[in-house]
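Enquirer: With the hints as your guide, set chain B onto chain A.
Going down the list, the protein sequences come from chains A and B.
Numbering follows this note's numbering, in which position 105 of the first sequence is assigned residue number 219; successive positions increment by one, without gaps.
Numbering follows this note's numbering, in which position 91 of the second sequence is assigned residue number 1576; successive positions increment by one, without gaps.
There's no promise every hint is true.
The following label-pair restraints were derived from C-beta to C-beta distances [claimed, not checked]:
hint : chain 1 : residue 1 : chain 2 : residue 2 : range
1    : B       : Q1712     : A       : G524      : 42 to 48 Å
2    : B       : Q1712     : A       : G260      : 36 to 42 Å
3    : A       : G252      : B       : T1736     : 23 to 29 Å
4    : A       : N526      : B       : T1736     : 52 to 58 Å
5    : B       : R1786     : A       : G320      : 48 to 54 Å
6    : A       : E541      : B       : E1774     : 56 to 62 Å
7    : B       : I1501     : A       : G489      : 48 to 54 Å
8    : B       : S1762     : A       : G489      : 30 to 36 Å
9    : B       : E1701     : A       : K299      : 55 to 61 Å
10   : B       : L1641     : A       : N313      : 30 to 36 Å
To spell it out: a stretch of chain A is covered by chain B in this simulated footprint if at least three of its residues, at any positions, have a beta carbon under 8 Å from a beta carbon of chain B; those stretches are [stated by the list, open to error]:
hint : region
11   : 179-186
12   : 213-223
13   : 491-504
Hints are computed from structural coordinates only; laboratory data are not their basis.
Glycine included, every Cβ here is placed at the ideal spot set by N, Cα and C.
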Amino acid sequence: MKLYRTKVNLVLVTIFFAITLSSGAFGELRVDITRGVVKPIPVAVTNLMGNTPKEQNLGINIANVIKADLVRSGLFEAIDNKAFIDIEPSLNIVPKFGNWRILKAQALSQGKVVLGSDDQLKVQFRLWDVFSEKQMVGKVYSTVSGNWRRIAHIIADAIYKRVTGEDGYFDTRIVYIAQTGRSDKRVKRLAIMDQDGENHHFLTDGKSLVLTPRFSPSRQEITYMSYHGNVPRVYIFNIDSGRQELLGDFPGMTFAPRFSPDGKSVIMSMAKDGNSEIYTLNLRTRAIKRLTNHSSIDTSPHYAPDGSKVVFNSDRSGSQQIYVMSAEGGRAKRISFGRGNYATPVWSPRGDLIAFTKMTRGKFYIGVMNTDGKGERLLAEGFMVESPTWAPNGRVLMFFRETPISKKGGINSKLFSIDLTGFNEREVMTPIDASDPAWSPLIP
Amino acid sequence: MRSGIMASIFLHSAVIVIGIFGLPEIRSTPKINNVPMVVEIVPLKLKTNLSENTKIKKSDSKKKKKPITKKNSKQIKKKIKKITNKSSISTPPAKMQKEPKLIIPKTQRIKLKENKIIKRSKKKSEINPNRDLLNKIKPRRKPSSPDRFAMVLRNLEKNLEKPLTPKKKIPVVSKDNLMDRLTKTLVKSPIDYNPTKSSSMSERHLMINIIKRTMEPCWNFQAGSKQAEDIIVEIKVELQPDGKVRSARITNRNYLETDSFRLAAGESALRAVLNPSCQPYKLPVKKYEIWRDLQLIFNPREMLGR
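Only chain A is shown next, with the shape it has when bound in the complex (with noise of 0.2 Å):
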């Protein structure tokens, strides 16, 4: 008997050692990839399909704004529809994964438009991955046909969401300044358009000068500055209602107010007996109180996208650097020391970086850096770079660039959006010279 058990036990542990060294636990060849490359995604974007021509049409016309979307984000590289080997008849149909492999797409848009006879839009959409031949998303919207770019736009945040892992930034508008006529009787004009370019229009007359628009974070609404009758005014502007009000006079004041995130106050800076100091405004109750209390001009505040802390502009030190103070006042902490001065600081909507401007060495640059100073980079250069604005996901950034025409006089004024890794600066197309721009937060 007992040799009968040893007999067993030598048994079981040979057993166990012959799976151990079966499984080849301990054989892993473990390797650290440390380098890659930062290149476009090649995205295979298909025509949505529809059974009517009309329905083909918008099928061809969404397909387009969404590669248009999506390849200007410099982000993704669209696989050119004359390379399609076989398209699906059907989004039932789980696609042929190897036809689109050989296209050396990673990922497949596809979609389907029905049109309905009161003139509802019903759009169906199915991001694929290719190589692990899974779905990423399958999506269904509705809106009336007339909304067809809206659809399109969303359906390019939801690729670029989730291939990404930012917030989608297409689906938003820009309000800025046009400008026409010479140098010296310039017309400013607040106009308005969808971040691509498409459905511009002008929101005020050109008759009283405006400055500076800015977009509440959380509302379609926006503050700017009018100079009606030569007195600095400030008014609230709702783009959906078109619904406008005053907010008040503000004499000695140079910037429209930036909302709170919010949307309950503004924030802004003031002169009075020749100095300058920073103000919140509370909107419901007109309530004014004072931030900062030194003999320095306070400028330009920008609120941090949790409404803690406020960054602002300040030659307290001697020249212009950029301070961060809490939201309810005290002391400011110094985070620029580069050379030169800095202005216009704009806090990311993703809260870890401070876009701003930068003048040095006779230049004007465009630049980031981390919320506590470290980490600067300049992004973008030009004889007059300024006012950047983010886009509501915190990876884009939009400024405007003056260059002079000729020695005469002249200056050709445009917009520019930029990465914030410093890559794919690209022009906004805009009807006429513009500046100031303003970013809107995604539209509900």
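Expert: Relative to chain A, chain B alone:
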């Protein structure tokens, strides 16, 4: 009773030993010591497992056809010495400000060059018939117009510090060590591997480098993501004997699914592994047991300068 106790002790110790050697988390991975590589040209015959069917022999046979003349070169050398001695004496030391020029007749000059070239080629072919393979390993020159994504995060401030004088194009020796350059050559042109022949390099280290070099062009990294430097992706890969990927799965998925940036980074790394453009891995079939199971760790810190 005793036998029962002994058997119990034996079994318990066996379980402990299995746990130590069997569980990968407990057993630390053996450190690969980076032995400093001496940069020295050595005959490939002794150090690699080149088969006889490579192209090297054909080029050697071509070079052997060129004639060699030793006598002429010696005679010309003697003549040069005489001429140089004469020229140095003729110029007065007071007036001489420049170095004495060699006055060599043109015909002789041309012949001298030809002989020198012939001499060198002959020596090469005699001593080292496999020199062509080593010649493939050339120092890389910096590209004249960098790709727009060559630097991960752009900073115009570096341009402010550039000197005004134009830089001369000096060929820069690659920072890659000999191991990396040889790995590149192996990846580009597969060489028949004969395991019976011994190799002086660490096999595992070479395989790791091959996998790295193959994977790098396919890992499309999102440089602008929030806290991108902190996102680490771990993927377990099983390879087929032909070097293609049989299966791949993310092993730290729970960590990655907490954030959209992390999830996107994980899927981007998985796409890099599954990308057919970076398959098959050109690894030695006879050593399949070593490279069958891979644990890939995608860590972007080095790229972001952290």
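Enquirer: Each hint should be assessed against the structure and marked as holding or not.
Expert: For each hint, the structure was consulted:
A C-beta distance of roughly 45 Å is found between Q1712 (chain B) and G524 (chain A), which places it inside the suggested range of 42 to 48 Å. Between Q1712 (chain B) and G260 (chain A) the CB atoms are about 41 Å apart, so this pair conforms to the stated range of 36 to 42 Å. Checked against the given bound of 23 to 29 Å, the beta carbons of G252 (chain A) and T1736 (chain B), roughly 27 Å apart, stay inside it. The supplied range of 52 to 58 Å is met by N526 (chain A) and T1736 (chain B), whose beta-carbon atoms lie about 55 Å from each other.
The hint said 48 to 54 Å for the Cβ distance between R1786 (chain B) and G320 (chain A), and at roughly 53 Å that hint holds. The hinted range of 56 to 62 Å is satisfied by E541 (chain A) and E1774 (chain B), whose Cβ atoms lie roughly 57 Å apart. In this structure, I1501 (chain B) and G489 (chain A) meet the distance hint of 48 to 54 Å, their C-beta atoms being roughly 49 Å apart. Between S1762 (chain B) and G489 (chain A) the beta carbons are some 33 Å apart, a value that agrees with the proposed interval 30 to 36 Å.
The hint said 55 to 61 Å for the Cβ distance between E1701 (chain B) and K299 (chain A), and at roughly 58 Å that hint holds. Between L1641 (chain B) and N313 (chain A) the C-beta distance comes to about 33 Å, which sits within the given range of 30 to 36 Å. Requiring three or more residues with a Cβ within less than 8 Å of a Cβ of chain B, the coverage given for the region 179-186 of chain A is violated, as only 0 such residues are present. Taking a C-beta to C-beta cut-off of 8 Å, the region 213-223 of chain A contributes 3 residues in contact with chain B, enough for the three needed, and the coverage statement holds.
Here's how the region 491-504 of chain A fares: 5 of its residues keep a CB closer than 8 Å to some CB of chain B, so the rule of at least three is met and the hint holds.
Of the hints listed earlier, the one the structure fails to meet is number 11.
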